[in-house]
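Chains Z and X are the protein sequences, given in the same order. For our numbering, add 11 to where a residue sits in the first sequence, where the first one is 1. For our numbering, add 11 to where a residue sits in the second sequence, where the first one is 1.
Take these hints with a grain of salt, some might be off.
Note that identical chains are pooled: a pair holds if it fits in a single copy or bridges any two copies.
In silico DSS-like cross-links for lysine-lysine, where the CA-CA straight-line distance does not exceed 30 Å [said to hold, decoys possible]:
#1 K333 x K406
#2 K299 x K353
#3 K94 x K297
#4 K297 x K265
#5 K404 x K388
#6 K263 x K299
#7 K295 x K391
#8 K263 x K100
#9 K372 x K45
#10 K260 x K294
#11 K422 x K404
#12 K41 x K100
#13 K263 x K48
#14 K92 x K404
#15 K375 x K294
#16 K260 x K297
#17 K61 x K299
#18 K246 x K423
#19 K375 x K428
#20 K375 x K263
#21 K263 x K428
#22 K139 x K391
#23 K61 x K416
#24 K333 x K139
#25 K246 x K421
#26 K69 x K246
#27 K404 x K357
#28 K265 x K295
#29 K353 x K388
#30 K14 x K423
It should be emphasised that the hints constitute simulated quantities derived from the structure, not laboratory data.
There are 2 protein chains.
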Amino acid sequence: MKKNAFYAQSGGVTSVINATAAALILESKKHKTKIGKVFAGKNGILGALKEELIDTSKESLSAINSLKTTPGGVFGSCRVKLKSLDENKKEYMRLIDVFKAHDIGYFFYNGGNDSADTAYKVSQISKKLGYPINCIAIPKTVDNDLAVTDCCPGFGSAAKYIATSTMEASLDVASMCETSTKVFILEVMGRHAGWMAASSALARTSKNDPPHIILLPEVVFNQSKFLDEIRKCVKKNGYCVIVASEGVKNSKGKFLAESDTKDAFGHTQLGGVAPYLGSMISKKLKLKNHWAVSDYLQRSARHIASQTDLLHAEAVGIHAVKYAVKGMNGVMPVIVRGTGEKYSWKISPVSLSKIANVEKKLPKSYISGNGFDVTSKAIKYLSPLIKGEAYPKFKDGIPVTQKLKLLQVKKKLPLWKN
Amino acid sequence: MKKNAFYAQSGGVTSVINATAAALILESKKHKTKIGKVFAGKNGILGALKEELIDTSKESLSAINSLKTTPGGVFGSCRVKLKSLDENKKEYMRLIDVFKAHDIGYFFYNGGNDSADTAYKVSQISKKLGYPINCIAIPKTVDNDLAVTDCCPGFGSAAKYIATSTMEASLDVASMCETSTKVFILEVMGRHAGWMAASSALARTSKNDPPHIILLPEVVFNQSKFLDEIRKCVKKNGYCVIVASEGVKNSKGKFLAESDTKDAFGHTQLGGVAPYLGSMISKKLKLKNHWAVSDYLQRSARHIASQTDLLHAEAVGIHAVKYAVKGMNGVMPVIVRGTGEKYSWKISPVSLSKIANVEKKLPKSYISGNGFDVTSKAIKYLSPLIKGEAYPKFKDGIPVTQKLKLLQVKKKLPLWKN
Numbered sequence: 012m013k014k015n016a017f018y019a020q021s022g023g024v025t026s027v028i029n030a031t032a033a034a035l036i037l038e039s040k041k042h043k044t045k046i047g048k049v050f051a052g053k054n055g056i057l058g059a060l061k062e063e064l065i066d067t068s069k070e071s072l073s074a075i076n077s078l079k080t081t082p083g084g085v086f087g088s089c090r091v092k093l094k095s096l097d098e099n100k101k102e103y104m105r106l107i108d109v110f111k112a113h114d115i116g117y118f119f120y121n122g123g124n125d126s127a128d129t130a131y132k133v134s135q136i137s138k139k140l141g142y143p144i145n146c147i148a149i150p151k152t153v154d155n156d157l158a159v160t161d162c163c164p165g166f167g168s169a170a171k172y173i174a175t176s177t178m179e180a181s182l183d184v185a186s187m188c189e190t191s192t193k194v195f196i197l198e199v200m201g202r203h204a205g206w207m208a209a210s211s212a213l214a215r216t217s218k219n220d221p222p223h224i225i226l227l228p229e230v231v232f233n234q235s236k237f238l239d240e241i242r243k244c245v246k247k248n249g250y251c252v253i254v255a256s257e258g259v260k261n262s263k264g265k266f267l268a269e270s271d272t273k274d275a276f277g278h279t280q281l282g283g284v285a286p287y288l289g290s291m292i293s294k295k296l297k298l299k300n301h302w303a304v305s306d307y308l309q310r311s312a313r314h315i316a317s318q319t320d321l322l323h324a325e326a327v328g329i330h331a332v333k334y335a336v337k338g339m340n341g342v343m344p345v346i347v348r349g350t351g352e353k354y355s356w357k358i359s360p361v362s363l364s365k366i367a368n369v370e371k372k373l374p375k376s377y378i379s380g381n382g383f384d385v386t387s388k389a390i391k392y393l394s395p396l397i398k399g400e401a402y403p404k405f406k407d408g409i410p411v412t413q414k415l416k417l418l419q420v421k422k423k424l425p426l427w428k429n
Numbered sequence: 012m013k014k015n016a017f018y019a020q021s022g023g024v025t026s027v028i029n030a031t032a033a034a035l036i037l038e039s040k041k042h043k044t045k046i047g048k049v050f051a052g053k054n055g056i057l058g059a060l061k062e063e064l065i066d067t068s069k070e071s072l073s074a075i076n077s078l079k080t081t082p083g084g085v086f087g088s089c090r091v092k093l094k095s096l097d098e099n100k101k102e103y104m105r106l107i108d109v110f111k112a113h114d115i116g117y118f119f120y121n122g123g124n125d126s127a128d129t130a131y132k133v134s135q136i137s138k139k140l141g142y143p144i145n146c147i148a149i150p151k152t153v154d155n156d157l158a159v160t161d162c163c164p165g166f167g168s169a170a171k172y173i174a175t176s177t178m179e180a181s182l183d184v185a186s187m188c189e190t191s192t193k194v195f196i197l198e199v200m201g202r203h204a205g206w207m208a209a210s211s212a213l214a215r216t217s218k219n220d221p222p223h224i225i226l227l228p229e230v231v232f233n234q235s236k237f238l239d240e241i242r243k244c245v246k247k248n249g250y251c252v253i254v255a256s257e258g259v260k261n262s263k264g265k266f267l268a269e270s271d272t273k274d275a276f277g278h279t280q281l282g283g284v285a286p287y288l289g290s291m292i293s294k295k296l297k298l299k300n301h302w303a304v305s306d307y308l309q310r311s312a313r314h315i316a317s318q319t320d321l322l323h324a325e326a327v328g329i330h331a332v333k334y335a336v337k338g339m340n341g342v343m344p345v346i347v348r349g350t351g352e353k354y355s356w357k358i359s360p361v362s363l364s365k366i367a368n369v370e371k372k373l374p375k376s377y378i379s380g381n382g383f384d385v386t387s388k389a390i391k392y393l394s395p396l397i398k399g400e401a402y403p404k405f406k407d408g409i410p411v412t413q414k415l416k417l418l419q420v421k422k423k424l425p426l427w428k429n
């Protein structure tokens with residue numbers, strides 16, 4: 012029986028989440044007997060609750076294809092987590108009303124941990140509330156912290172950006188260190204898991220190359236060891252490049268950036284682990300330092316996306332559709348790494364019960380003995396994920412993006428009031 | 012008569028200064044009757060004073076060619092400004108000793124304002140101290156603030172990075188603004204001149220696209236007007252993207268984010284206008300905001316270099332050699348824009364007396380009436396400078412760089428003591 016599909020983007024966006032969307036929309040067109048239209052939720056699950064459904068069938072093929080090279084979440088994303096069915100049945104009943112009104116039988120939810128949880132809850136309405144739905148969660152997060160899947164679409168591109176930027180900025184620092192900056196700090200994302208900080212190690216082509224110090228959220232910050240390490244490094248190399256995860260914590264379990272509100276000069280500290288460390292280095296080591304905070308740049312840098320990551324992002328979109336039309340429910344297409352020496356991967360379905368709300372941190376075997384670096388095992392894991400370039404087209408010096416129509420289908424229900 | 016050449020990199024490096032070096036070294040090989048070896052100063056002018064001369068003839072052709080895609084300053088740069096001949100004759104006598112010892116008759120100095128000043132002083136030793144030298148300053152600065160030249164090599168690539176990053180991050184913010192970040196601030200370099208901040212306007216493909224607010228050092232910061240502008244913008248668009256120059260000043264002429272540290276030129280070291288503004292926006296407008304500080308990333312992002320900029324960088328290196336072998340002294344090869352509708356340019360020699368220590372700021376006609384944007388005239392000027400892509404080769408997911416031998420010639424003089 013033919014049913015329409017609902018697709019939504021959720022949580023922090025990436026440079027390739029739109030490539031997943033494009034792949035899913037194009038794959039759906041191949042299953043015309045089972046899938047009618049693909050409606051995209053405006054701003055994620057809010058689009059379903061508010062009955063704000065973007066009709067992707069109104070977009071040209073060229074517009075859909077342009078999504079493959081457009082960062083951000085074109086349909087809008089949100090940070091909204093549904094409560095459990097028992098706690099807020101009203102929300103689920105509303106979803107069913109919207110699904111019924113628009114003949115929706117497929118629910119695709121493209122996000123991270125929280126989104127897998129939401130998708131898992133929605134998948135249960137089949138059994139618990141009797142509305143037939145094929146609910147598929149699709150992985151996406153630069154944090155790379157989803158369980159079961161070998162890696163998460165979005166991460167490889169952010170990792171490539173971080174490795175490249177670390178390499179480039181390090182060459183800059185190295186050239187100036189004799190009379191200028193001695194220490195450079197790059198702050199990267201990853202609040203609870205150090206995957207992004209770890210990926211900076213891929214900047215190296217030989218053992219002693221920068222980054223010299225990697226600060227991971229998995230390792231408790233030790234100020235004196237940290238300062239010692241910098242001192243040694245500057246003595247040896249003339250400079251020191253540090254990549255710090257935003258989520259580095261002290262021994263009391265507090266984020267460094269929140270643990271002290273004054274900087275070296277007694278000024279109020281304005282947040283950010285990089286300025287915090289920079290101030291510490293000025294004060295304690297009297298070393299001139301510079302710092303960068305790449306923030307959203309690292310997760311939207313589609314211009315330096317990883318081809319491997321892009322292929323993953325498209326594959327999970329395609330397989331989500333394949334699983335749905337096979338009648339699967341409550342699963343996620345995950346990336347499974349082959350066991351051979353040469354990197355290979357395939358997509359497999361895994362039950363959301365194994366994924367929702369589980370956070371995958373860097374394993375101990377990936378962290379070096381002194382806690383300031385990653386091991387060769389980590390490098391071996393990370394390395395294939397940033398391989399290959401997937402440049403967007405450029406016009407007038409900047410990447411080409413295409414504006415979509417984003418037409419919403421006519422509402423049939425009363426306004427949603429939470 | 013055949014003489015050796017001295018080449019040095021000075022001041023803040025760029026993603027294409029090594030391309031200038033490569034072009035200069037390769038062009039020198041074409042003038043074998045006039046130019047012997049090219050010695051590169053280790054760490055800029057310090058290399059001449061300390062007699063630390065890197066023999067570029069020991070490098071393979073492949074190594075020299077690799078410099079075209081390697082950011083940073085491969086021979087080392089420095090922030091050292093020579094005093095005037097009258098104030099510190101000793102330094103100039105030392106330079107002459109080193110030039111004599113190594114048969115150096117050509118002096119190429121690749122830098123910005125301060126470096127043009129140093130080169131100008133060195134050019135005077137021919138007349139004032141009787142040592143024959145052909146001294147050519149070669150333009151380079153991401154700040155784009157050199158006088159006379161239409162633009163500065165290094166700027167176009169930084170501008171392309173900023174325009175692309177602004178566009179990409181804006182798509183990220185736009186997708187999340189309904190339930191998350193409303194204001195995003197990107198801090199860019201540009202101590203006294205707003206060229207880099209202005210270049211963010213190239214992110215737009217239609218009039219109302221981000222960035223919504225550009226803060227230039229040429230415009231006195233007005234907090235209430237600024238906050239009003241954000242309020243209006245968020246109301247209209249749902250979010251607001253701000254690009255702020257590190258050099259924004261208040262009505263008292265103080266940098267918004269003043270730091271107590273000074274660099275070797277006595278310039279105040281900046282950084283931190285973004286967190287300053289972010290904190291202000293949180294406090295006064297209660298709007299969730301994120302900020303990024305691209306710092307060295309913007310001037311070393313060779314992976315997103317502008318082809319136009321790269322061609323400029325190579326051309327000034329080539330013309331520096333041509334001018335020198337013609338017997339010119341105390342000049343700089345500058346970029347002259349053609350007057351036609353279609354962008355064209357050529358290289359011409361200009362006396363350093365017109366360039367040294369002059370700072371070119373954004374003209375008033377480039378700044379919009381409300382002070383928060385640039386005009387179409389500015390866009391017309393900026394647009395051609397970021398055009399064309401000039402990707403480096405990649406291996407294992409990161410740009411390929413080659414390590415040079417950097418062998419120094421044997422010292423012939425006593426150690427330099429300042």
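Against the structure, the hints come out as follows:
1. K333 x K406: Intra 35 Å, inter 34 Å, cutoff 30 Å: neither.
2. K299 x K353: neither (43 Å within a copy, 45 Å between copies)
3. K94 x K297: So K94 and K297 pass the 30 Å test across copies only (26 Å; inside, 50 Å).
4. K297 x K265: both (25 Å within a copy, 24 Å between copies)
5. K404 x K388: between (35 Å within a copy, 26 Å between copies)
6. K263 x K299: The answer is both: 29 Å in one copy and 27 Å across copies each meet 30 Å.
7. K295 x K391: neither (36 Å within a copy, 48 Å between copies)
8. K263 x K100: neither (39 Å within a copy, 58 Å between copies)
9. K372 x K45: For K372 and K45, the Cα distance exceeds 30 Å both inside one copy (39 Å) and across copies (62 Å).
10. K260 x K294: Both, since 20 Å and 25 Å are each at most 30 Å.
11. K422 x K404: neither (37 Å within a copy, 51 Å between copies)
12. K41 x K100: Classified as neither: same-chain Cα gap 35 Å, cross-chain 80 Å, threshold 30 Å.
13. K263 x K48: Neither, since 52 Å and 60 Å both go past 30 Å.
14. K92 x K404: This pair counts as neither: shortest intra-copy Cα distance 36 Å, inter-copy 43 Å.
15. K375 x K294: neither (32 Å within a copy, 40 Å between copies)
16. K260 x K297: The answer is both: 23 Å in one copy and 26 Å across copies each meet 30 Å.
17. K61 x K299: between (52 Å within a copy, 23 Å between copies)
18. K246 x K423: between (70 Å within a copy, 28 Å between copies)
19. K375 x K428: For K375 and K428, the Cα distance exceeds 30 Å both inside one copy (47 Å) and across copies (51 Å).
20. K375 x K263: Within. Shortest intra-copy distance 20 Å satisfies the 30 Å Cα cut-off; inter-copy 53 Å does not.
21. K263 x K428: neither (42 Å within a copy, 50 Å between copies)
22. K139 x K391: neither (44 Å within a copy, 62 Å between copies)
23. K61 x K416: Within. Shortest intra-copy distance 19 Å satisfies the 30 Å Cα cut-off; inter-copy 64 Å does not.
24. K333 x K139: For K333 and K139, the Cα distance is within 30 Å only inside one copy (24 Å; across copies 82 Å).
25. K246 x K421: Answer is between: at 25 Å across copies they meet the 30 Å cutoff, but 67 Å inside does not.
26. K69 x K246: between (62 Å within a copy, 28 Å between copies)
27. K404 x K357: Both: 28 Å inside a copy, 28 Å across copies.
28. K265 x K295: Both. Shortest intra-copy (21 Å) and inter-copy (27 Å) distances satisfy the 30 Å Cα cut-off.
29. K353 x K388: Classified as within; 15 Å inside a copy, 54 Å across copies.
30. K14 x K423: For K14 and K423, the Cα distance is within 30 Å only inside one copy (17 Å; across copies 85 Å).
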